[in-house]
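Line order of the protein sequences matches chains V and C.
Here the working numbering is used: position 110 in the first sequence is 110, and no number is missing along the way.
Here the working numbering is used: position 127 in the second sequence is 127, and no number is missing along the way.
Hints are not guaranteed to be accurate.
[Said to hold, decoys possible] Here chain V is said to cover these stretches of chain C; the calculated rule only asks that three of the stretch's residues, wherever they fall, bring their Cβ under 8 Å from a Cβ of chain V: (1) 16-23; (2) 244-252; (3) 308-317.
[To be verified] Reference listing, derived: stretches of chain V covered by chain C, where coverage requires no fewer than 3 residues with Cβ under 8 Å from a Cβ of chain C: (4) 40-54; (5) 361-367.
[Claimed, not checked] Cβ pair distances, simulated, as ranges: (6) C:Gly157 with V:Arg369: 21 to 27 Å; (7) V:Ala319 with C:Glu300: 32 to 38 Å; (8) C:Glu252 with V:Glu187: 27 to 33 Å; (9) V:Pro132 with C:Leu253: 29 to 35 Å; (10) V:Ala189 with C:Asp291: 32 to 38 Å; (11) C:Ala35 with V:Gly102: 53 to 59 Å; (12) C:Gly93 with V:Glu334: 44 to 50 Å; (13) V:Ile254 with C:Gly157: 45 to 51 Å; (14) C:Glu112 with V:Arg57: 42 to 48 Å; (15) V:Ala31 with C:Gly231: 37 to 43 Å.
Calculated from the structure, these hints are not laboratory results.
Just so it is clear, CB atoms sit at the ideal spot from N, CA and C, and this is done for glycine as well.
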Amino acid sequence: MKYVDEYRDAARARSLAAAIRAEAAPGAAYAFMEFCGGHTHAISRYGIEDLLPPAIRMIHGPGCPVCVLPVGRIDAAIALARDPRVTLCTYADLMRVPASRGTSLQRAKAEGADIRMVYSTLDALAIAAAEPEREVVFFAIGFETTTPPTAVAVQRAQREGLTNFSVFCNHVLTPVAMRAILTTGGEDAVRLDGFVGPAHVSTVIGTAPYEEISAEFHKPVVVAGFEPLDVMQSILLLVRQVNEGRAEVENQYIRAVTQAGNQRAQAAMADVFAIRDRFEWRGLGWVPLSALRLRPEYARFDAEERFGMETPSASDNPACECGAILRGVKRPVECRLFGTACTPETPMGSCMVSSEGACAAHWTYGRFRMPARRAS
Amino acid sequence: MSHGAGGRAMAQLIADIFHPELANEYLAQGNDQAAFEVAGGRMVMTTDGYVVSPLFFPGGDIGSLAVHGTINDLAMAGAWPLYLTASFILEEGFPFADLARIAASMGRASREAGVPVVAGDTKVVERGKADGVFISTAGIGMVPPGIRLSGDQARPGDVVLLSGPIGDHGVAIMSCRENLSFGTEILSDSAALHGLVAAMVARAGAGLRLMRDPTRGGVAATLNEIANQSGVGILLSEAAIPVRPQVAAACELLGLDPLNVANEGRLIAIAAPEAAPALLEAMRAHPLGVDAALIGEVVEDADRFVQMTTGFGGGRIVDWLAGEQLPRIC
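Isolated chain V, as found in the complex (with noise of 0.2 Å):
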């Protein structure tokens, strides 16, 4: 396939593979940590770890949009989907993740309530206005890569005179995640000599965002693609950026993102998002400044506003281990949970639901690396 098996080929892996090994410094440790659930997914569908020297660490961040979304949120949307007047349009990923007292989506759907799974935010607008008598809700969730949808599905609701669409919106930010993960302390502090930054988040916000943080912290930021081979070149620039001492933002994916990024995206997200000022993470906790809800003028679409909506805070199963997973301290193995109690078939929490999931991606294609669990 054109413009894809490019980026798939196994001689170029092998040479990147053998690059990175010669050029890691002997005896040195690197640990660095893909920020995006595509980059996970994408490590452990094409065996990367295979590939890469030992020294090499990959830790996976949180930028997994149905990982991060905390109990409460999803508490919420089960409870505004009951409402009978209610129709609550949703992705497909969310519909299986774990909420408080044993429910989910799914259950709530089976139990009668309109929930429907849509492609994208255009959907849900083509059934509030295909049906006028129902209250249409979006439940929109996910990184700067999903709130441009959102923020034109808004518009696109005001321009049309929909009065029966309403968004849930818990959209959160990429650099204010970063930031979140390198200030913490304590026995939750993570080691990390740099990123492998955001793909598509990155080709709405540009490169210029991550500039502060990589400065403030001194950590090289390496914004890769998705495909592998994107993934291996991000890791070897990141390892000459540790060696020679710098910490730069470097763009690796240079056919999609630009400095500045996608500036009539941004216009319309600056239109219709205002920033919180606090919201809550699975396993980063309460972070100010860190998520979006809908400006005031277009408080009519706004489903909190609309229904009144409470998000109080729920807590997790207390032996799931999404928590330090997110944050990168604990690796998917270290969870007393995983592929025990919590498998993809029967997940206890997120990270084992979404594709882009950490523990989903290590139980899926990458279980057969653990050789203490084999069976005898």
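Following the hints, position chain C against chain V.
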């Protein structure tokens, strides 16, 4: 509703729509059952339900799919299919024209395969209690002497053969369900595989351990079933697995793995390594096996993992899909 009530309207429906398309000596008798002579030997029997949505898709419809799917379930035992039955659950108000189209396609598939539908039944339920039409089938067949295929027969050292490119059926269904267009139309691979199977059995039947058609859940689910049943591991080579470029592109777009996508006209055979060249030759000589390939081998593995060397050069698990990728694909 009167069409399901057992009265004259019902007889009219059967006479008008089903009999002309599915006509054969057994149906012509008009009895509540078909009677036929059988030779002694090992028989196979299967049953299957079809709830595919949409009912008509590129490369087939629920009628042809029901015939092909049932024949294939029989054929995977190495058997020659003999007779099918079909029962129809119709939703009140389902257009006669669509039903006639389905009956015609079923008749055509049955005639082409040489496997008659010898008994049938029709019920009508209220609107909203079904989705257009559901079909359930049964089939019986005869296994040639000396052939005993079973999912628990894979042994370390055996090879894994695949009869052609994967993912066509699932992507064809998705392309019409999600209103996606890929420039070229992808057709379902829906086909009756008993001819291909007979060619393989005739050529190297003794070397065959087992066969499966990788339908729902795709090649990944089928190989995991085999690994579990046989208590072995399976090691695939991604580069050897045929996937059409259009299917690969569609899967890329939809975030799917072709290994998890359904097929309705492909088979996987596990065979002794020494039988592989003859089997591959027999497969490639048949129109439904032109692109047959050796895609991997059976290995010892207490964990019963299906693993794959990726085209990129790393290793990974090939797992069952958690949850359903797409409901009602067959």
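Now for the hints, and whether the structure bears them out:
1. 16-23: violated (count 0)
2. 244-252: holds (count 4)
3. 308-317: holds (count 9)
4. 40-54: Coverage by chain C holds here, the residue count being 8 at a Cβ distance below 8 Å.
5. 361-367: Since three or more residues must qualify, the claim that chain C covers the stretch 361-367 of chain V holds, with 5 doing so at under 8 Å.
6. C:Gly157 with V:Arg369: 21 to 27 Å: Holds: the Cβ-Cβ distance is about 24 Å, inside 21 to 27 Å.
7. V:Ala319 with C:Glu300: 32 to 38 Å: holds, 34 Å
8. C:Glu252 with V:Glu187: 27 to 33 Å: About 41 Å separates the Cβ atoms of glutamate 252 of chain C and glutamate 187 of chain V, which means 27 to 33 Å is violated.
9. V:Pro132 with C:Leu253: 29 to 35 Å: Between proline 132 of chain V and leucine 253 of chain C, where Cβ atoms are some 32 Å apart, the hint holds.
10. V:Ala189 with C:Asp291: 32 to 38 Å: violated, 54 Å
11. C:Ala35 with V:Gly102: 53 to 59 Å: holds, 54 Å
12. C:Gly93 with V:Glu334: 44 to 50 Å: The hint (44 to 50 Å, Cβ to Cβ) is violated, given that glycine 93 of chain C and glutamate 334 of chain V are roughly 58 Å apart.
13. V:Ile254 with C:Gly157: 45 to 51 Å: holds, 48 Å
14. C:Glu112 with V:Arg57: 42 to 48 Å: Check failed, 58 Å falls outside 42 to 48 Å.
15. V:Ala31 with C:Gly231: 37 to 43 Å: holds, 39 Å
Hint compliance for this structure: hints 1, 8, 10, 12 and 14 are broken, all remaining hints hold.
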